[in-house]
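Protein chains in written order, with the numbering used here: chain B, 14 to 289; chain X, 383 to 695.
Simulated from the structure, these hints should not be mistaken for laboratory data. Think of the CB as a built atom: it goes at the ideal place given N, C-alpha and C, for glycine as much as any other residue. Among the hints, erroneous ones may be present.
Unchecked claim - The calculated lysine to any residue pairs, modelled on SDA-like cross-linking and capped at a C-alpha distance of 20 Å, are: (1) X:K464 to B:S50; (2) B:K286 to X:K557; (3) B:K283 to X:Y393; (4) X:K464 to B:R206; (5) X:K396 to B:S50; (6) X:K509 to B:S50; (7) X:K464 to B:D288; (8) B:K286 to X:G539; (9) X:K464 to B:Q227; (10) X:K464 to B:K286; (11) B:K286 to X:D395; (12) B:K286 to X:N436; (13) X:K509 to X:K557; (14) B:K286 to X:A592; (15) X:K464 to B:R52; (16) X:K557 to X:A592; (17) B:K286 to X:N448; (18) B:K286 to X:T441; (19) B:K286 to X:S633; (20) B:K286 to X:D449; (21) X:K464 to B:H207; (22) B:K286 to X:L397; (23) B:K286 to X:Y393; (24) X:K464 to B:Y117.
Unchecked claim - Here are some chain X residues pointing at chain B (derived, C-beta under 10 Å): (25) K396; (26) L432; (27) G438; (28) G444; (29) L461; (30) I466; (31) S570; (32) E571.
As the list claims (entries may be wrong) - Per the computed footprint, the stretches of chain X lying under chain B, defined by three or more beta-carbons under 8 Å from a beta-carbon of chain B, are: (33) 446-456; (34) 481-493; (35) 536-543.
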Amino acid sequence: MSSTMTSPTGLGPHKQLPPGRYSLVDQMRSEWTKLVSVRSTIWTLALTIVIGIGVSALAAAETRSHWNTTPHFGFDPTSLSLTGVFVAQLIIGVLGVLVMSAEYGTGTIRATLSATPRRPGVLVAKASVFGIVALVVSMVTAFLSFFVGQALLSAPAVHATLSTPGALREILGTGIFLFLVGLFALAIATLIRHTAGAISTFVGILLVLPTVLQALPNSIHNDIERFLPSRIGIEVLSHGHQPPFVFTPWVGLAVMAGYTAVLLVIAGVKMSKRDA
Amino acid sequence: MIEAKGLTKHYGDKLAVDQLSFEVRPGVVTGFLGPNGSGKSTTMRMIMGLDLPNAGSATVNGRHFNDLPWPMHEVGALLEAKAIHPGRSARNHLLMLAQSNRIDRRRVDEVLEVVGLSDVANRRAGKFSLGMGQRLGIAAAMLGDPEVLLFDEPVNGLDPDGIRWVRTFLKSLAKEGRTVFVSSHLMSEMALTADEVVIIGKGRLIVQVAIDELLAQSSRQSVRVSSPDIAPLRGALEKEGATTSVEDDGSLTVRGKDHKEIGELAAQLSVVLYELTPQTESLEEAFMELTESSIEYRGTNANIANALKEMEQ
Numbered sequence: 014m015s016s017t018m019t020s021p022t023g024l025g026p027h028k029q030l031p032p033g034r035y036s037l038v039d040q041m042r043s044e045w046t047k048l049v050s051v052r053s054t055i056w057t058l059a060l061t062i063v064i065g066i067g068v069s070a071l072a073a074a075e076t077r078s079h080w081n082t083t084p085h086f087g088f089d090p091t092s093l094s095l096t097g098v099f100v101a102q103l104i105i106g107v108l109g110v111l112v113m114s115a116e117y118g119t120g121t122i123r124a125t126l127s128a129t130p131r132r133p134g135v136l137v138a139k140a141s142v143f144g145i146v147a148l149v150v151s152m153v154t155a156f157l158s159f160f161v162g163q164a165l166l167s168a169p170a171v172h173a174t175l176s177t178p179g180a181l182r183e184i185l186g187t188g189i190f191l192f193l194v195g196l197f198a199l200a201i202a203t204l205i206r207h208t209a210g211a212i213s214t215f216v217g218i219l220l221v222l223p224t225v226l227q228a229l230p231n232s233i234h235n236d237i238e239r240f241l242p243s244r245i246g247i248e249v250l251s252h253g254h255q256p257p258f259v260f261t262p263w264v265g266l267a268v269m270a271g272y273t274a275v276l277l278v279i280a281g282v283k284m285s286k287r288d289a
Numbered sequence: 383m384i385e386a387k388g389l390t391k392h393y394g395d396k397l398a399v400d401q402l403s404f405e406v407r408p409g410v411v412t413g414f415l416g417p418n419g420s421g422k423s424t425t426m427r428m429i430m431g432l433d434l435p436n437a438g439s440a441t442v443n444g445r446h447f448n449d450l451p452w453p454m455h456e457v458g459a460l461l462e463a464k465a466i467h468p469g470r471s472a473r474n475h476l477l478m479l480a481q482s483n484r485i486d487r488r489r490v491d492e493v494l495e496v497v498g499l500s501d502v503a504n505r506r507a508g509k510f511s512l513g514m515g516q517r518l519g520i521a522a523a524m525l526g527d528p529e530v531l532l533f534d535e536p537v538n539g540l541d542p543d544g545i546r547w548v549r550t551f552l553k554s555l556a557k558e559g560r561t562v563f564v565s566s567h568l569m570s571e572m573a574l575t576a577d578e579v580v581i582i583g584k585g586r587l588i589v590q591v592a593i594d595e596l597l598a599q600s601s602r603q604s605v606r607v608s609s610p611d612i613a614p615l616r617g618a619l620e621k622e623g624a625t626t627s628v629e630d631d632g633s634l635t636v637r638g639k640d641h642k643e644i645g646e647l648a649a650q651l652s653v654v655l656y657e658l659t660p661q662t663e664s665l666e667e668a669f670m671e672l673t674e675s676s677i678e679y680r681g682t683n684a685n686i687a688n689a690l691k692e693m694e695q
């Protein structure tokens, strides 16, 4: 630290304010700087892509190596190559949590609100910037997983191309699902504020809830299960033969989008009413 | 100009701030004095729109903080040291704040220079000392070159050099015509920095007073007199218009007559004097007197004494 300290000469009050007021674009620019100026975010984003593709590639390579010794009835090369999503969703969810919970955990939220006090705006800006980044990362993960996976499914294994019926839908659906999971996690973190609590809740909904439901009798279980984010994610990769009690891929994604939107709205309202 | 009117805040059933009203004027440093836990930080957080009051209101230049079109250009605040992501550099922390209020990025380097953090601007803030965190907070407050400034315990964690720097800095900000509101639990610190003080205890206003008035009180002289035959001397002094009080050890404290006059009077009465000592009241005693005479004051003597003792530490 420099030991010489300057006086504040040259600064003066009563200066001209910029026209209008601070806008969502100003806040988004600020959120972008926050996102890229912390190393852990960049790592986590990279990890989402690498793990997503890596797990998919492993699954594809494994299938290929046992190709001649296993039956392949109803085999869908596209969904196989998107297996990595089930791991990637956890990573992007954790990032969604951290993007918001770190504000509270580190006290940055006080600086943020001292600069831009209107709280719904803070949430909208953060969700927008993170959402855009999450969408790009999700799509990159989905498409690269697909291409790497198909490349590994060399003959005699069956492989798909983008023009294979259903393939593009599965890839896009997977990308959208990942993106929604990230935003869903961000909304949870806005409500819970604490990193550990928010991550536990997120993982609980995604992984623990389905297991708990298994304990219920089938008649009840089937009615509820289709509403679970995890089940919606599985059905996005379905290839025609869905059980009658689940949502079709697009309906499922719409439901997931609905959850995320509702949670974000509740989080925004709560944020406005609570002390920061 | 900062105005608080009937500001009240509960946390559960604990009353943190109780119908607090005061005004902070531009052009002077206004100290916000009270023991730890008296509600200073809560009040500042309510002014900054971070905590929502249960009753009453706080305004900055006539508006609620949350309604300001360009908050950083109008109000700067240091509310807690190290309200910053440990993985983010000082420069990026300031940059993200600047961007949110359309402040030129050159200004970031300017304020880093002002607080003496230029050399560590790219270092992650997690590695900063408390003092460096304070400086970074001051830099953030200065980013928008605002007219109104709030500092919550700004000298905490600073070395003597830093403390002196903050004092000079606050005074120069006020001299430029800005509104400067600075909290402290140290009475001695405020005596050196502030032109005016708002004193609170248990969330309530005790008194708002000019520091000169306090100093006038504290520079007032009294004389300690002891004598084996104090009663006739006391009577004579009071007849002459002095005020006297008997201390626990039997000595007499006299105000309104200096030691020469008392000595001469004693000689006339042929009273033997053992001791005749001019005394200067401490700032603490001045506070005591002021707070005791304050109409707003509703506590007990013991509370005040404890509060002041705590402030002195």
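So, going through the hints one by one against the coordinates:
no. : hint             : in the structure
1   : X:K464 to B:S50  : 17 Å, holds
2   : B:K286 to X:K557 : 38 Å, violated
3   : B:K283 to X:Y393 : 17 Å, holds
4   : X:K464 to B:R206 : 18 Å, holds
5   : X:K396 to B:S50  : 40 Å, violated
6   : X:K509 to B:S50  : 16 Å, holds
7   : X:K464 to B:D288 : 19 Å, holds
8   : B:K286 to X:G539 : 33 Å, violated
9   : X:K464 to B:Q227 : 47 Å, violated
10  : X:K464 to B:K286 : 25 Å, violated
11  : B:K286 to X:D395 : 18 Å, holds
12  : B:K286 to X:N436 : 12 Å, holds
13  : X:K509 to X:K557 : 34 Å, violated
14  : B:K286 to X:A592 : 37 Å, violated
15  : X:K464 to B:R52  : 18 Å, holds
16  : X:K557 to X:A592 : 16 Å, holds
17  : B:K286 to X:N448 : 13 Å, holds
18  : B:K286 to X:T441 : 19 Å, holds
19  : B:K286 to X:S633 : 60 Å, violated
20  : B:K286 to X:D449 : 16 Å, holds
21  : X:K464 to B:H207 : 18 Å, holds
22  : B:K286 to X:L397 : 19 Å, holds
23  : B:K286 to X:Y393 : 14 Å, holds
24  : X:K464 to B:Y117 : 12 Å, holds
25  : K396             : 14 Å, violated
26  : L432             : 5 Å, holds
27  : G438             : 15 Å, violated
28  : G444             : 15 Å, violated
29  : L461             : 6 Å, holds
30  : I466             : 6 Å, holds
31  : S570             : 22 Å, violated
32  : E571             : 18 Å, violated
33  : 446-456          : holds (count 9)
34  : 481-493          : holds (count 4)
35  : 536-543          : violated (count 1)
Against the hints set out earlier in the document, violations occur for numbers 2, 5, 8, 9, 10, 13, 14, 19, 25, 27, 28, 31, 32 and 35.
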